[in-house]
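Q: For this one, chain A is given, so just place chain B on it according to the hints.
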Amino acid sequence: MSTHTPHPDLSPPITNVGVIGWLRTNLFSSWPNAILTVAAAFVIFATLPPLIEWAFIKADWVGDSRDACTSGGACWVFVSVRFNQFMYGLYPEAEYWRINLAGMLIVALVIPLFVERFRWKLSLGLFILVGYPIVAFLLFSGGILGLEPVETSRWGGLTLTLILASVGMAASFPLGVLLALGRRSTMPIVKSVSVVFIEFWRGVPLITVLFMSSVMLPLFLPEGTHFDKLLRAMIGISLFQSAYMAEVVRGGLQAIPKGQYEAAQALGLSFWKSMALIIMPQALKLVIPGIVNTFIALFKDTTLVLIIGLFDMLAMIEAALADPNWLGYSVEGLTFAAFVYWVFCFSMSRYSMSLERKLHTGHSR
Amino acid sequence: MPPQNMPQTSASKVPLWRQPVFRATVFQILLVLGILLFGYYLLSNTLQNMEQRGITTGFGFLSNEAGFGILKSLIEYDETDTYGRTFLVGLLNTLLVAVLGIFFATFIGFFMGIARLSKNWLVARLATVYIETFRNIPLLLQIMFWYFAVLRPLPLPRQSLSMGDLVFLNNRGLFMPQPIPEPGLWVVGVALLIAVIAVVFITRWAHRRQEQTGQQFPTLSVGLGLILVLPLLVFWLSGSPMHLEYPVLGGFNFRGGMEVIPELAALVLALSIYTGAFIAEAVRSGILSVTHGQTEAAYALGLRPRTTLKLVIVPQAMRVIIPQLTSQFLNLTKNSSLATAIGYPDLVNVFAGTTLNQTGQAVEVIAMTMGVYLTISLLISMFMNWYNKRKMLVER
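Which chain is which? The protein sequence lines are A and B, in order.
Heads up: the first sequence is residues 1 to 365, going by our numbering.
Heads up: the second sequence is residues 1 to 396, going by our numbering.
Keep in mind that the hints were calculated from the coordinates and are not lab data.
You may find that some hints are simply not true.
Stated by the list, open to error - FRET-style restraints, in silico, Cβ to Cβ:
#: 1; chain 1: A; residue 1: Ile20; chain 2: B; residue 2: Ile114; range: 23 to 29 angstroms
#: 2; chain 1: A; residue 1: Phe83; chain 2: B; residue 2: Thr133; range: 49 to 55 angstroms
#: 3; chain 1: A; residue 1: Thr152; chain 2: B; residue 2: Leu36; range: 32 to 38 angstroms
From the three backbone atoms N, C-alpha and C, an ideal C-beta is built for every residue, glycine too.
Just chain B, with the same shape it has in the complex:
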């Protein structure tokens, strides 16, 4: 049977408002108009309100004198410094919490994630209890718990809990000996740098050699050894250019040494325990995502359990773990803004809190604060995309 001629449906027969291209264009034009109108409405209101309330605009306030003290600062700061410097102090304090939190949370998370999969019934149950408890309690509550219920009721400095007269714990914080560098310590730094560079080259060389000959090289132990031993050796050879400064009780509190204020301790504890529970779940899902067949295949090829773990399971599990891990790191960094509830001087507390109240320049201050967090998350997601591209499963 010859194919019947279909009735000609030219575009002209379809009414204009039924054509997808036309509809899409009109809809998008309307959307843009709507957004512009809305933006204009907000902007004109804001300008009018600011004029009526006598709020100045612009970023000139950043060079005015701040006139308030900050509990803890990583850089030199006093009341005569500018608002611009308070921004920097807050930013550095935020980054400090984030770095410490990420370090401990990763450690706890990997430990608990693996423990939950342990063949040991008791260990697996304990890890489950930890994860299910801390995941389901609001972070703010946990921060308040550590601060108000655990760290604040500690004894006064005079009755501090101490460990061998080196480490002291009281309601003013945790006091530890602080290493003070002496001139000549830079040699050790250089040694560390050389060790790191050497490890990078050794890893590359070992990888290439394995690709070509199949011979393996104990990269991990050699690398760790190099990074630890070389700087220590140089440190010892150059006559230990560093001494410890011990905390000493004087007046109402300890002086000298390294001090961890209770606000920082509560924040880092809560953040790392809370995020650790989420990381543990990520680690568990990553390990479970590697099917049992992979292990069996590796055994069939004659790999030993350790080698199987290193070469077959971990690389595949990491592909699942790393994206979740980065998003947890990002969450931790954003959650560190809860510091403001217990008065730790982070970016939100110092800048979006005190500075905002003193200057009244809400738009600029909030925009700068949000800008910082947006920049951090954009940087991390750029890294993520790069990593995903590199590690994505390459199929046909």
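Bound conformation, chain A alone:
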């Protein structure tokens, strides 16, 4: 008696699996699709190789003057010669260690926040928000403990950009939460004051705000008050961004079902307690992408201070481009700036995505 032995399975058609299959489904599924693919490939081949050749292969990296740039590609020597100025601005060179120290300090302080089992996150966070700025300010400006005083007008470069951005974030977030609560308030006057405040700042461009802070603030204050230019810019940026933050937070507040508010009241929690323990943790989690987007916008907006004469990184690069020894290297300078800003903004947006995934406690699909 013969037993039935089935034929071994045929392997799937070669056109449906492997590289060819992938190509067929993703690039050449139909005629229009194939044409699109060819067009896209053409765009890539027309732009990418010359770009790589310019930026890497033919580029000059080492040297100390423009004479070193002979190969016809990008002249990164311009950036490397000026690198310290782009990073530290006009800060005295002997005092760079103070900025480096403050930078290392914040990194060391922030690392434990990412450690899952670290216990004193709240107090450490509070210290970073309240204590660290004082320490950093004293370090930067000096004048105590035998540190040489450095005026704020000499602060600059990427340091200034980061200072402006972090102060703006730290100030606009609590202000934005308060404004959002105000806008949702049942008290008519509180509500209308918040609405007017938010809509005013959201309706005008940041440039006019900075102009206002630089020409009008001195008029508002008593005669003879000295008001630091950097501080004025910080106030302008913080007020401006707090309005955007308020709208983001309001979006989160509106998404919380009424039952949560009522349950908090039923438990006998006061307004502030119910906000801090019940509503805000849920609302803020919902709007993390919005909050980070506001932070990214703020980071990009710090470049505007160059218009009122502060020397952030972009302004330092612009100043370096006007140097008669380095005329004609604007492409290199601006590309470098673009790269630095891009790295910061892109990593912020990626971090918010991962945070969103981590905090997502609902059903995921």
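A: Leaving out everything else, chain B in the frame of chain A:
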């Protein structure tokens, strides 16, 4: 068990400062007092400072002679005109940038947003790279890049890049033939107007007919055809009442024709590429917000892919896209104020810059400038609210 009597808690037993109404009232009174005091403090300081510095107040300066030239103006302007006119010139230049920017940004945004969702792997990746690159670079940097690194190093007028001796590109700008209207062109304008009105009526009629009978009418192709063909036909019949003026190289620069100065070109390029990336994301989120079930339901009802797209997906996606789109338009208009960094004569540059420096009347000038932007954004948000009310999902 009979319900037990709750202990009577009358309002009088609760201390006054514990009552919500009382607390709210006191808090609000304090808030108003605080704001009034703060306002009074600012106002008195300002008045005192202005008196000490000898700054005049009021809007009388608007009728004084400005005495400075402006690089580019849409209306006639020279140095003997008033500050009031500089305001108008700046405003029109701002609106010009905004309109051009909105047009190109919308185009780029829709194209890239759809491309990012393309089934074609390469196209989708390219669109992603575009969006992630340009969204994450500050706009001011992009404006400076286009201006200082791309447009300024272009060749001198004598060595212009040219396209068929019609379009010239050099470091003074882009020069194109300009259509010059001749008397009689108004007939074409009237024809265009008639075509637009006709399309509005046809759309309404087609909509009503579809509601009643279910028959569809090719509104889009008929409408586009009407708007294009009718004016062209009238233009041809009336003997082409228009001629082109070509740019001619004379002296150091081109004369005649239409000129786009590099400042304007850099600004429009940067604004539309930057905002386009954001619009692309809005378009993508709008399309993704229409669940797959909607498409399946439409197919189950026997609609073809094209009809599904037109009648099911696009209307629902637009509900998500339009609010984001308007806020991007608003952002673009506000961002056009960055023009001042490269010296394009927009409102902020001409009015809050030069005029402010010459007159010193900071309060009035800044207030007027902010007023313009506030008005624009209020108008747009009024439109938004109206639109939202009309298109909101009507549920039970």
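Q: Mind checking the hinted window 49 to 55 angstroms against the Cβ distance between Phe83/A and Thr133/B?
A: The hinted range 49 to 55 angstroms is violated for Phe83/A and Thr133/B, with Cβ atoms some 23 angstroms apart.
Q: Taking the CB of Thr152/A and the CB of Leu36/B, does the distance hold inside 32 to 38 angstroms?
A: Given about 33 angstroms between the Cβ atoms, the range holds.
Q: Given the range 23 to 29 angstroms, decide if the beta-carbon distance of Ile20/A to Ile114/B lies inside it.
A: holds (27 angstroms)
The structure fails to meet hint 2 from the earlier list, while all remaining hints are met.
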